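2 protein chains.
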Amino acid sequence: MSAPALTKNQALVFDVLEKADGPLSAYTILDKLRDHGFRAPLQVYRALEKLLEYGVVHRLESINSFVACAHPGENCHKHGIVAFAICESCGQVMEFHDHEVDNRLTDWTKARKFKAEKTTIEMRGLCEACAA
Amino acid sequence: MSAPALTKNQALVFDVLEKADGPLSAYTILDKLRDHGFRAPLQVYRALEKLLEYGVVHRLESINSFVACAHPGENCHKHGIVAFAICESCGQVMEFHDHEVDNRLTDWTKARKFKAEKTTIEMRGLCEACAA
DNA sequence: TCGCACACGTTATAGCATAACGCAATTGAT
DNA sequence: ATCAATTGCGTTATGCTATAACGTGTGCGA
Ligand SMILES: [Zn+2]
Ligand SMILES: [Zn+2]
Ligand SMILES: [Zn+2]
Ligand SMILES: [Zn+2]
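Top to bottom, those sequences are chains A and B. The numbering of the first sequence is the working numbering, which starts it at 425 and goes up by one. The numbering of the second sequence is the working numbering, which starts it at 425 and goes up by one.
Each hint should be verified, as a subset may be incorrect.
Heads up, the list lumps identical chains together, so a pair's fine if it works in one copy or across two of them.
[Said to hold, decoys possible] In silico lysine to aspartate or glutamate, DMTMM-like type, Cα no more than 20 Å apart, as pairs:
| # | residue 1 | residue 2 |
| --- | --- | --- |
| 1 | Lys542 | Glu552 |
| 2 | Lys534 | Glu512 |
| 3 | Lys534 | Asp522 |
| 4 | Lys456 | Asp439 |
| 5 | Lys542 | Glu473 |
| 6 | Lys539 | Glu477 |
| 7 | Lys537 | Asp439 |
| 8 | Lys537 | Glu473 |
| 9 | Lys443 | Asp459 |
| 10 | Lys539 | Glu519 |
| 11 | Lys542 | Glu485 |
| 12 | Lys542 | Glu512 |
| 13 | Lys542 | Glu477 |
| 14 | Lys542 | Asp522 |
| 15 | Lys542 | Glu519 |
| 16 | Lys534 | Glu524 |
| 17 | Lys537 | Asp522 |
| 18 | Lys456 | Asp445 |
To be clear, the hints were calculated from the coordinates, so they are not data collected in a lab. The structure presented is a predicted model; accordingly, all values stated were derived computationally and were not measured.
Based on the sequences and whatever the hints tell you, model everything.
Structure, rendered in structure tokens:
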């Protein structure tokens with residue numbers, strides 16, 4: 425699941441996400457890539473699907489947006505569950521891991537024999553700068 | 425924020441969710457209430473908005489659906505962050521609280537002065553029965 | 001009685017995501 | 001070399017999710 429060489433479209437989408445200062449929706453990405461020949465949502469969604477699979481992009485379920493992984497190179501997935509703090513004012517996203525949270529959730533799933541495939545942890549609120 | 429008497433529409437929507445054996449999308453709710461005079465999505469969304477506010481219904485961000493609170497009467501919000509395990513096969517949802525998870529996330533936010541307004545924890549996977 | 005808050009109904013629109021078709025390039029076994 | 005399978009890509013169409021904007025009626029306190 426580590427990232428092979430990206431195709432042209434995958435590279436374009438990843439580049440847009442990496443340069444952005446916050447999460448972007450698929451349609452926003454599409455708009456940013458019209459000059460590069462993108463015409464339809466599927467071109468974006470198909471690239472995102474692969475980038476998510478490779479673990480270099482994360483999807484923020486609570487805001488239907490996508491963001492480049494904040495920990496390039498280290499294959500984020502291996503660090504366990506990823507959590508996000510999303511500022512609803514400035515859009516900034518902070519990505520972090522907490523092994524104790526992982527452990528507690530894993531304990532819960534083990535006790536109930538629930539097989540978790542994908543876990544979402546997202547906090548929406550105000551960052552320090554915006555709360556002031 | 426405890427629940428006042430529900431209006432007619434709110435009661436109808438809540439009733440549908442309570443009787444359902446899993447989460448429902450707003451449009452599914454709409455379809456189930458057409459016989460009761462519902463004609464437009466807003467009728468559902470407006471009722472849901474209040475039910476969420478009262479804490480008797482939860483929104484599952486990762487599947488764009490809504491579910492009745494599994495802990496009627498005790499005002500779920502007071503127990504801290506709510507977490508869900510969602511079976512992608514049978515649709516069953518398990519709702520739970522974990523104070524240690526709460527504490528860890530709260531510690532993180534305090535350390536970074538992030539003011540969390542709404543936290544989502546959702547695990548998607550297979551329940552014991554479906555994994556077998 | 002006036003003004004306000006709130007629920008409600010309706011129409012229209014915006015925003016998010018995928019189905020289904022066909023084509024081209026790549027790969028990898030025979 | 002050839003064929004089949006896989007993968008990426010482009011396009012059109014469609015479906016699902018959510019809200020904007022406008023207007024109506026009702027209840028209730030100033
Ligand atoms: Zn990451
Ligand atoms: Zn901020
Ligand atoms: Zn609850
Ligand atoms: Zn199941």
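Results of checking the hints against the structure:
1. Lys542 with Glu552: between (29 Å within a copy, 16 Å between copies)
2. Lys534 with Glu512: between (34 Å within a copy, 17 Å between copies)
3. Lys534 with Asp522: both (18 Å within a copy, 15 Å between copies)
4. Lys456 with Asp439: within (11 Å within a copy, 44 Å between copies)
5. Lys542 with Glu473: Within one copy only: 14 Å inside, 27 Å across.
6. Lys539 with Glu477: Classified as within: same-chain Cα gap 19 Å, cross-chain 31 Å, threshold 20 Å.
7. Lys537 with Asp439: Neither. Shortest intra-copy (40 Å) and inter-copy (30 Å) distances fail the 20 Å Cα cut-off.
8. Lys537 with Glu473: Neither: 28 Å inside a chain and 33 Å across chains, both beyond 20 Å.
9. Lys443 with Asp459: within (16 Å within a copy, 50 Å between copies)
10. Lys539 with Glu519: Cα proximity of lysine 539 and glutamate 519: across copies only (15 Å, versus 24 Å in one copy).
11. Lys542 with Glu485: both (11 Å within a copy, 13 Å between copies)
12. Lys542 with Glu512: Close across copies (11 Å), not inside one copy (24 Å); limit 20 Å.
13. Lys542 with Glu477: Only inside one copy: lysine 542 and glutamate 477 sit 12 Å apart there, 27 Å across copies, limit 20 Å.
14. Lys542 with Asp522: This pair counts as both: shortest intra-copy Cα distance 16 Å, inter-copy 18 Å.
15. Lys542 with Glu519: both (16 Å within a copy, 16 Å between copies)
16. Lys534 with Glu524: Cα proximity of lysine 534 and glutamate 524: in one copy and across copies (15 Å, 17 Å).
17. Lys537 with Asp522: between (22 Å within a copy, 17 Å between copies)
18. Lys456 with Asp445: within (14 Å within a copy, 42 Å between copies)
Checked against the numbered hints above, the structure breaks hints 7, 8 and satisfies the rest.
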